[in-house]
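K.L.:
Listed here are the chains, written in short residue letters.
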Amino acid sequence: EPEVTQTPSHQVTQMGQEVILRCVPISNHLYFYWYRQILGQKVEFLVSFYNNEISEKSEIFDDQFSVERPDGSNFTLKIRSTKLEDSAMYFCARSAGNSGNTIYFGEGSWLTVV
Amino acid sequence: RKEVEQDPGPFNVPEGATVAFNCTYSNSASQSFFWYRQDCRKEPKLLMSVYSSGNEDGRFTAQLNRASQYISLLIRDSKLSDSATYLCVVNMNTGFQKLVFGTGTRLLVSP
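Chains as they are written, first to last, in this note's numbering: chain H, 1 to 114; chain Y, 1 to 111.
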């Protein structure tokens with residue numbers, strides 16, 4: 001059983017369109033993350049989120065990206081105006097705590113921008 | 001120098017073989033270390049944490065050498081199901097957890 005449920009599993013979108021990827025953590029963990037993996041490349045950190053605020057973000061996470069947890073359950077990643085290079089697998093992850101706790105990944109959302 | 005560096009492989013081994021993967025990391029302030037396993041187009045799954053004293057989980061043994069900034073994974077008695085990409089992962093823990101991944105080492109176990 002996945003630790004984190006992500007939707008959609010696969011989305012194809014046109015360049016310039018907005019995309020929202022969703023994540024539903026099964027447990028009551030408070031720390032959430034988004035990572036991405038471009039095909040054939042390594043997994044890269046995007047952003048960490050705690051207590052309804054961004055705690056850290058990478059250089060990749062520019063102004064076209066945003067995260068929120070609007071209803072206290074779903075955790076979303078929005079890409080405002082998609083580019084071809086945004087095509088990747090996006091993984092939501094969670095952990096029980098901040099320090100030294102294992103990070104568990106969802107099954108991923110595969111985004112294809114055409 | 002890459003933050004986390006691994007030999008991409010692939011390592012082709014027969015069933016029953018012993019295989020070892022190595023990994024180096026550049027930031028001496030790194031806090032914790034892991035091996036994750038990733039199957040094709042799937043999410044990374046935690047295989048094991050890595051401790052300075054070394055740790056073993058069944059056929060898998062992980063070692064950490066902080067002085068050399070070096071991490072290893074040994075797989076004994078390889079199974080066909082071990083075929084996957086093995087990701088060396090370092091937790092920077094800069095106030096909040098941030099995993100830095102290597103590119104992964106691909107293992108192919110053949111009958």
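Be aware that one or more of the hints could be misleading.
[Unchecked claim] Facing chain H, a subset of chain Y residues (Cβ under 7 Å, in silico):
| no. | residue |
| --- | --- |
| 1 | C40 |
| 2 | E43 |
| 3 | P44 |
| 4 | L46 |
| 5 | L47 |
| 6 | Y51 |
| 7 | K98 |
| 8 | T103 |
[Claimed, not checked] To give an idea of the interface, some chain Y residues facing chain H are shown, with a C-beta separation under 8 Å as derived from the structure:
| no. | residue |
| --- | --- |
| 9 | F60 |
| 10 | L80 |
| 11 | S83 |
| 12 | A84 |
| 13 | F96 |
| 14 | G104 |
Hints in this document: simulated from the structure, not taken from any laboratory.
By construction, the Cβ of each residue, glycine as well, lies at the ideal position given by its N, Cα and C atoms.
K.L.:
Would you check whether F96 of chain Y satisfies its interface hint, that is, whether its CB is within less than 8 Å of any CB in chain H?
P.N.:
At 4 Å from the nearest chain H Cβ, F96 of chain Y passes the 8 Å test, so the hint holds.
K.L.:
Return the status of the interface hint for A84 of chain Y: holds when the least beta-carbon distance to chain H is below 8 Å, violated otherwise.
P.N.:
Because about 14 Å separates A84 of chain Y from the closest Cβ in chain H, which is outside the 8 Å limit, the hint is violated.
K.L.:
At a threshold of 8 Å, is the proposed contact between F60 of chain Y and chain H supported by beta-carbon distances?
P.N.:
violated (16 Å)
K.L.:
Under 7 Å, Cβ to Cβ, is where L46 of chain Y needs to be relative to chain H, so tell me if that hint holds or is violated.
P.N.:
Hint holds; L46 of chain Y Cβ to chain H Cβ min 6 Å, cut 7 Å.
K.L.:
Could you check if C40 of chain Y really has its C-beta closer than 7 Å to a C-beta on chain H?
P.N.:
This interface hint is violated because 11 Å lies over the 7 Å limit.
K.L.:
Can you verify the interface hint for L47 of chain Y: is its Cβ closer than 7 Å to any Cβ in chain H?
P.N.:
Status violated, d = 11 Å.
K.L.:
Was the hint right that L80 of chain Y lines chain H, CB cutoff 8 Å?
P.N.:
violated (23 Å)
K.L.:
Let's test the interface hint: is any C-beta of chain H closer than 7 Å to that of T103 of chain Y?
P.N.:
holds (5 Å)
K.L.:
Should the interface hint for Y51 of chain Y be scored as holding, given a Cβ-Cβ cut-off of 7 Å against chain H?
P.N.:
violated (11 Å)
K.L.:
Measuring from the C-beta of E43 of chain Y to each C-beta in chain H, is the shortest one below 7 Å?
P.N.:
holds (4 Å)
K.L.:
Could you check if S83 of chain Y really has its C-beta closer than 8 Å to a C-beta on chain H?
P.N.:
Violated: closest Cβ of chain H sits about 18 Å from S83 of chain Y, beyond 8 Å.
K.L.:
Could you check if P44 of chain Y really has its C-beta closer than 7 Å to a C-beta on chain H?
P.N.:
holds (5 Å)
Violated hints, listed in ascending order, are 1, 5, 6, 9, 10, 11, 12; each of the other numbered hints is respected by the structure.
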